[in-house]
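Novice: Take a look at the letters that make up each chain.
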Amino acid sequence: MSEPLDLSTLDSALRNALSRLIITLADSKRLMGIRYSDWTLGAPSIETGVSTASMAQDEWGHARLLYAMLKGLDIDPGPVEYDRSGAEFASIAPLDHERGDWAGLVALMALADGALSTMLRSFAVGRVELAQNRVPKMLAEEEYHASLGSAWYRRLAETEGEARDLLTSASEEMLPALLAWVGADDASARAMVDAGVIDPAEDRLAAFRNAVRDLVSLVGINVDAVHAATDWDEARGRTGGRPDEEACERARGDRNRALLVE
Amino acid sequence: MKEFVYDVFTRKERGDRLQHVGYVDAFDDETAKIYAWTTYSEEKWFEMCVVKRTNVLPVNRTDGLFVEAQRTADV
Numbered sequence: 001m002s003e004p005l006d007l008s009t010l011d012s013a014l015r016n017a018l019s020r021l022i023i024t025l026a027d028s029k030r031l032m033g034i035r036y037s038d039w040t041l042g043a044p045s046i047e048t049g050v051s052t053a054s055m056a057q058d059e060w061g062h063a064r065l066l067y068a069m070l071k072g073l074d075i076d077p078g079p080v081e082y083d084r085s086g087a088e089f090a091s092i093a094p095l096d097h098e099r100g101d102w103a104g105l106v107a108l109m110a111l112a113d114g115a116l117s118t119m120l121r122s123f124a125v126g127r128v129e130l131a132q133n134r135v136p137k138m139l140a141e142e143e144y145h146a147s148l149g150s151a152w153y154r155r156l157a158e159t160e161g162e163a164r165d166l167l168t169s170a171s172e173e174m175l176p177a178l179l180a181w182v183g184a185d186d187a188s189a190r191a192m193v194d195a196g197v198i199d200p201a202e203d204r205l206a207a208f209r210n211a212v213r214d215l216v217s218l219v220g221i222n223v224d225a226v227h228a229a230t231d232w233d234e235a236r237g238r239t240g241g242r243p244d245e246e247a248c249e250r251a252r253g254d255r256n257r258a259l260l261v262e
Numbered sequence: 001m002k003e004f005v006y007d008v009f010t011r012k013e014r015g016d017r018l019q020h021v022g023y024v025d026a027f028d029d030e031t032a033k034i035y036a037w038t039t040y041s042e043e044k045w046f047e048m049c050v051v052k053r054t055n056v057l058p059v060n061r062t063d064g065l066f067v068e069a070q071r072t073a074d075v
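In order, the protein sequence lines correspond to chains A and L. Per this note's numbering, residue 1 is the first one in the first sequence, and the count goes up by one each step. Per this note's numbering, residue 1 is the first one in the second sequence, and the count goes up by one each step.
Hints were generated in silico from the structure; no laboratory data involved. One or more of the hints may lead you astray.
Derived DSBU-like pairs (lysine-lysine); straight-line CA-CA distance at most 35 Å [what the hints assert, rightly or not]: (1) K2/L x K52/L; (2) K52/L x K71/A; (3) K71/A x K2/L.
Cβ-to-Cβ under 10 Å is the rule here; a few derived chain L residues that face chain A [stated by the list, open to error]: (4) G15; (5) D16; (6) Q19; (7) Y35; (8) E43.
Not close to chain L: a few residues of chain A, all C-beta gaps over 12 Å, as computed [said to hold, decoys possible]: (9) D11; (10) M55; (11) Q57; (12) K71; (13) L73; (14) R154; (15) E158; (16) A207; (17) R250; (18) A258.
Built from N, CA and C at the ideal position, the CB exists for glycine as well.
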């Protein structure tokens, strides 16, 4: 593992790039948790519902750890977690809306959660010591999510009819935004690559494509032929759009604020 | 979608007896492991295993859950 970066000496461009990465990861984890929790009481079986509840807890735990990394950049995570408008959220686009069918959630589990793990793996072997220390445990927990996502993806892909069609359309919809995010190569991403924070864009993209290639081929998608979305928002580090307002309220815990005892 | 019963066994500490703590329904071994781990997560287990119920061979009984599982598997 490379020599850790001294976060107190980063120039403003690299500092902003690193905070953007951390916030995108943290926001995505929080939204991922919400999307899993949406299915806790509607999953195909009790066991699957329990698993989505467990994964929601994992994601919220990961989000909390990621937001806390901002302290290493002298950024107070409180306002970031609780005071931002939905338009400022940086979570990846496939998490913007509730998935109305189980196939959509399976695609999220296998592809969007997989993209998050690809980026976290890259972050964990980079030069940010906080990531070196905290991310490996997240990735160990994510192995369960990946296994469940992969098992369900294969299962639905083997069927004929509506479930397979829904899985295919959800995958086709998500992949361009995920490829744009994982393969981001703008000035901020390049600053992080140059500083050894994450791997080069082509390596991250190759890792993600390798992780999902066999799965998505089951529904007739060639991930190597899918183009990244072009509506990249450099400020937020994601493609266009924003999460729905209800999810943002839940992510911020707006309704719980009245219960907060200072 | 065909599902199977998997029995779940755990031990809390090294050297403890492996105990039967329950079961899950799953469509394959991989999902059974995940369902077991997430469903029976009330303890920090030293070890957890799942066994597909159809792989448990009854020795002295001609009725009960395991015999029933064998009968279902034969169908």
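Novice: Hint by hint, say whether it matches the structure.
Specialist: To see whether the hints hold, each was checked on the structure:
With a C-alpha separation of about 14 Å, the suggested pair K2/L and K52/L falls inside the 35 Å cut-off, and the hint holds. A distance of roughly 48 Å separates the Cα atoms of K52/L and K71/A; the hinted pair therefore is violated under the 35 Å criterion. Among the hinted pairs, K71/A with K2/L is inconsistent with the structure: their alpha-carbon atoms are about 49 Å apart, more than 35 Å. Taken as an interface hint, G15/L does not check out: its beta carbon lies about 25 Å from the nearest beta carbon of chain A, beyond 10 Å.
Nearest Cβ of chain A to the Cβ of D16/L: about 24 Å, over the 10 Å cut. The hint is violated. Because the closest C-beta pair between Q19/L and chain A is about 20 Å apart, greater than 10 Å, the hint is violated. Because the closest C-beta pair between Y35/L and chain A is about 4 Å apart, less than 10 Å, the hint holds. Proximity of E43/L to chain A is violated relative to the hint, the smallest CB-CB distance being about 14 Å (cut-off 10 Å).
With a minimum CB-CB distance of about 44 Å to chain L, D11/A clears the 12 Å threshold, and the non-interface call stands. Non-interface status of M55/A relative to chain L is broken: a Cβ of that chain comes within 12 Å, the nearest being about 8 Å off. Not every Cβ of chain L is farther than 12 Å from the Cβ of Q57/A; the closest lies at roughly 10 Å, contradicting the non-interface assignment. Distance to chain L confirms K71/A as a non-interface residue, since its nearest Cβ pair spans about 28 Å, more than 12 Å.
Non-interface call for L73/A relative to chain L: holds, since the shortest CB-CB distance, roughly 33 Å, exceeds 12 Å. Separation of R154/A from chain L is inadequate, the least Cβ-Cβ distance of about 9 Å not exceeding the 12 Å criterion. The non-interface label for E158/A is inconsistent with chain L: the shortest C-beta to C-beta separation is roughly 10 Å, within 12 Å. With a closest Cβ-Cβ approach of about 22 Å to chain L, A207/A is found to remain outside the 12 Å limit, as its non-interface label requires.
Non-interface call for R250/A relative to chain L: holds, since the shortest CB-CB distance, roughly 22 Å, exceeds 12 Å. Residue placement check: A258/A keeps its beta carbon more than 12 Å from all beta carbons of chain L (closest about 31 Å).
The structure does not agree with the numbered hints 2, 3, 4, 5, 6, 8, 10, 11, 14 and 15 stated previously, though it agrees with the rest.
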